[in-house]
Amino acid sequence: MKQAVILLNPRLLSFRNKGFAKDRSIRLIIFAGIGISFWAGIFAICYRVLMYFQRVEGIGNILAYKLLSMVLLIFFSLLIFSSILTSLSNLYMSKDLTLVHSLPVPGEKIFLAKWIESTIDSSWMVVVYAIPVFISYGIVFKAGPFFYIDIALTLFPLCIIASALSSIMVLVIVIILPASRIRSIFVFLGLVLLVILYTTFRLLRPERLVNTENFASLLSYLNNLSAPSYPLLPSTWAFDSLKAALIGDASCSLFNVALSMSCAAFLIFSSILIARAIYFKGFSKSQASMARLFQHKKERLDKLFSFLSGPTKSFVVKEIKTFLRDQAQWSQIFLIGALIVIYTYNFSVLPIEQSPIKSVYLQNLLSFLNVALAAFVLISVTARFAFPSISIEGSSFWIVRSAPIPLRTFLWIKFFIYLFPLLILSEILIVVTNLLLNVTPFMMYLSIITLFFLTPGVVSLGIGLGAAYPDFNSENPAHTVAGFGGLVFMIISAAYIGAVIVLEAGPVYTIFMSGIRNENLSCFQLLWIIGSFFTAFLISMLAIILPMRFGEKRLMRGFFR
Amino acid sequence: MIDLINLSKHFGNIKAVDILNLSVSSGELFGFIGPNGAGKTTTIQMIGGLLAPTEGSVIIDGIDMAKEPEKAKKKIGLIPDRPFLYEKLTGMEFLKFTADLYEVSEEAFLENTEKILNMFSLIDRAHELIESYSHGMKQRLIMSAALLHEPLLIVVDEPMVGLDPRGIKMVKNLFRSLVAKGTTIFMSTHTLRLAEDVCDRIGIINNGKLIATGTINELKHTAQIGEADLEEVFFQLTEEEISL
Ligand SMILES: Nc1ncnc2c1ncn2[C@@H]1O[C@H](COP(=O)(O)OP(=O)(O)OP(=O)(O)O)[C@@H](O)[C@H]1O
Ligand SMILES: [Mg+2]
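Protein chains in written order, with the numbering used here: chain R, -7 to 553; chain Y, 502 to 745.
Some hints could be false.
Simulated pairs of lysine-lysine, DSS-like, Cα-Cα distance not exceeding 30 Å [unchecked claim]: (1) Y:K639 / R:K313; (2) Y:K589 / Y:K568; (3) Y:K673 / Y:K575; (4) R:K295 / Y:K572; (5) Y:K589 / R:K545; (6) Y:K616 / R:K295; (7) R:K273 / Y:K682; (8) R:K277 / Y:K682; (9) R:K295 / Y:K589; (10) Y:K516 / Y:K572; (11) R:K545 / Y:K575; (12) Y:K682 / Y:K616; (13) R:K313 / Y:K670; (14) Y:K673 / R:K313; (15) R:K313 / Y:K575; (16) Y:K639 / Y:K673; (17) R:K87 / Y:K589; (18) Y:K670 / Y:K576.
It should be emphasised that the hints constitute simulated quantities derived from the structure, not laboratory data.
Whole structure, please, built from the sequences with the hints as guidance.
Below, the structure is given as structure tokens:
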């Protein structure tokens, strides 16, 4: 144990050495502010929902308990989800591993240190945001102090169980994948994650909560809701313990805590035993590169882009090849793909046809909402791929700096590389969802044009701010978006999209109303409409140009201190 | 070929390079030596346009690096001390990348790569991903890439780190033959034997200041040492022998 603690020291020290420089404390304040408002928001929503349940005669408590068990199940799957990713990177990919493995420390100790690290990494955020939910339960149910102690007692083993299970899973996956395929591990993990997603949904059976028609009577509905959940799931133990604590049954509550704790202890010991047997073996395996199996192909990309000038072509080809060969990127594509599928699926099941207020107005509203949602997907994809694309140059950035092309050209190359696929993606997304929504042709054209201008703006914000706040030393560049620059990117892009939509929605409403009333637009209205659209256009142009300038300036300064 | 005028670089309150004045003429092989942290890499990065000086200027073949960086950079082949490359490209693809970047014609590319890859014994591994290369192989690849566009000026930071004896010998001969053809080479190194063997002129830098320049004999004279080798001169001038 002592050795494992020593191994954790460097991490603690570097955390401390970051110090509290001035701009750091400003960032800290901004982050804390946003974090706290999220926290408060979750608390407020949860509190209101629970108060509402309390007012429902008879079944209020049942609903509240059902919700609690769902929350715990989601919480548990989120924990597993994030632990798999963190333990994979901490155990097999982090840069200090070659050093650590050369130290006179047995493999399972290294495993233990890395495991503790990933447990904390993967669970702290989930725990922080789960706490307001539990506190609102405590307040609404007027629980005694024991309940609040019990929150800690149940969450702690739940995190341990999730993290130990994930690390065992990762240990085994790395061993069973053949060495040549080890780099495809992300594809494999993508599948695992989808399975987790699916199982969670199946276990939740959310439709039963809303869909009362399927039950013959209220009684069977209630029976169904209060039916015992899966007794072997760790989240069920946490639920049973918390529920008992809410009604003051301490002994039942502690029994379930003991159950969780013993399971956690068992899993920790098993994972250490497994690690002793296979961790080092797996680590050596994971170091092999797929290079030797690499097939040399004729330069098709080179031909494809031969119309570009030399320097531009060289970067375009390099960027595409690097992207396609980087397996880590593929795991991201899986997640994004899942996001998009869920998004469009929601539209296909939306019961618009049955809506009582079936009006042009509602459809308009929905299609604007749709533009906003598609833009949200666009922002998240940009955040995942375009924003880190400067940081991803990493230590090889000297090649760009010594190359005989201006930094500006380099940034614009990056811009266009990400613009085209994102433009295609967002246009397909908007057209498909608009077809599902059955919008008017006018709205269809308007949203297509809007996204045509929004996409370059958002991509420029992503590249520009990614260049302004790069992190060339990052172990995982995709995570740079979680930093200050990423935050700025999210806020500004959201504001930009919001502004454009507001500027368009007003005129569109006027046009529709005049269409319905069969009136012509007045001269003043016409001017206002044109002005509004023009302003939206102007903002878009600024959003394309300014961030790139800003990024170029800041990136220059980073090197030219 | 290179003119460094009052060149200074400060990192916070560290003066990594402090008012350095130096000229290297065409066709010269200039050796740059000095203790760890003396400012060699910093100087080289400024010559290559990776870093902007805090003060002073870098003139490459009459072109000011600050004013026309692209034009100046085109004349340089830079070989940094650590071989960070695009790991997901193959060696050949990286060479093609460099060739496109410096606008080397297709014919010249085909002709030169074959020759260079053979010279650096990389020809068998050219179609493998760089991430599978050994340290020395990456170093060889960077050198190949820097030579590909036939630069007027080659700037090398510690060329021999990671190379095997055969590689070292080959690079030595290569440098001499390039210089004979008129290429200028600016090279920092810790291998004093190498500096003594191949360099026309040597500069010694310590604490960011250029403390001596000249041929080996001139340096010996400066250090007031008769029959010593460069090592003695180095210790004498950098006053390192006190701590020994
Ligand atoms: N990015 C940086 N930030 C702060 N200080 C730096 C940075 N790069 C170099 N320095 C400092 O500048 C000084 C000169 O460093 P430089 O790398 O040029 O030395 P060097 O002569 O190349 O040494 P070596 O022989 O070890 O390669 C050192 O004191 C170093 O600490
Ligand atoms: Mg150096």
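Structure-based check of each hint:
1. Between K639 (chain Y) and K313 (chain R), the direct Cα distance comes to roughly 19 Å. Compliance with the 30 Å bound is thereby established for this hinted pair.
2. For the suggested pair K589 (chain Y) and K568 (chain Y), the alpha carbons sit about 34 Å apart, so the restraint of at most 30 Å is broken.
3. For the hint pairing K673 (chain Y) with K575 (chain Y), the CA-to-CA distance comes to about 24 Å; that is within 30 Å, so the pair holds.
4. In summary, the hint linking K295 (chain R) to K572 (chain Y) is supported, as the alpha carbons are separated by about 27 Å, within the 30 Å threshold.
5. Annotation: proposed proximity of K589 (chain Y) to K545 (chain R) holds, straight-line Cα distance about 29 Å (limit 30 Å).
6. Simply put, K616 (chain Y) and K295 (chain R) have alpha-carbon atoms about 24 Å apart, close enough for the 30 Å limit, and the pair holds.
7. As the CA atoms of K273 (chain R) and K682 (chain Y) are separated by approximately 53 Å, the hinted pair breaks the 30 Å bound.
8. A C-alpha spacing of about 48 Å is found between K277 (chain R) and K682 (chain Y), which places the hinted pair above 30 Å, so the restraint is violated.
9. A threshold of 30 Å between alpha carbons decides the hint, and for K295 (chain R) with K589 (chain Y) the separation of about 20 Å falls inside it, so the pair holds.
10. Annotation: proposed proximity of K516 (chain Y) to K572 (chain Y) holds, straight-line Cα distance about 28 Å (limit 30 Å).
11. For the hint pairing K545 (chain R) with K575 (chain Y), the CA-to-CA distance comes to about 22 Å; that is within 30 Å, so the pair holds.
12. The straight-line distance between the Cα atoms of K682 (chain Y) and K616 (chain Y) is roughly 17 Å, inside the 30 Å bound, and the hint therefore holds.
13. Among the hinted pairs, K313 (chain R) with K670 (chain Y) is inconsistent with the structure: their alpha-carbon atoms are about 35 Å apart, more than 30 Å.
14. For the suggested pair K673 (chain Y) and K313 (chain R), the alpha carbons sit about 35 Å apart, so the restraint of at most 30 Å is broken.
15. Straight-line distance between C-alpha atoms of K313 (chain R) and K575 (chain Y) comes to about 25 Å, which keeps the hinted pair within the 30 Å bound.
16. With a C-alpha separation of about 18 Å, the suggested pair K639 (chain Y) and K673 (chain Y) falls inside the 30 Å cut-off, and the hint holds.
17. A C-alpha spacing of about 17 Å is found between K87 (chain R) and K589 (chain Y), which places the hinted pair at or below 30 Å, so the restraint holds.
18. About 26 Å separates the Cα atoms of K670 (chain Y) and K576 (chain Y), which keeps this hinted pair within 30 Å; it holds.
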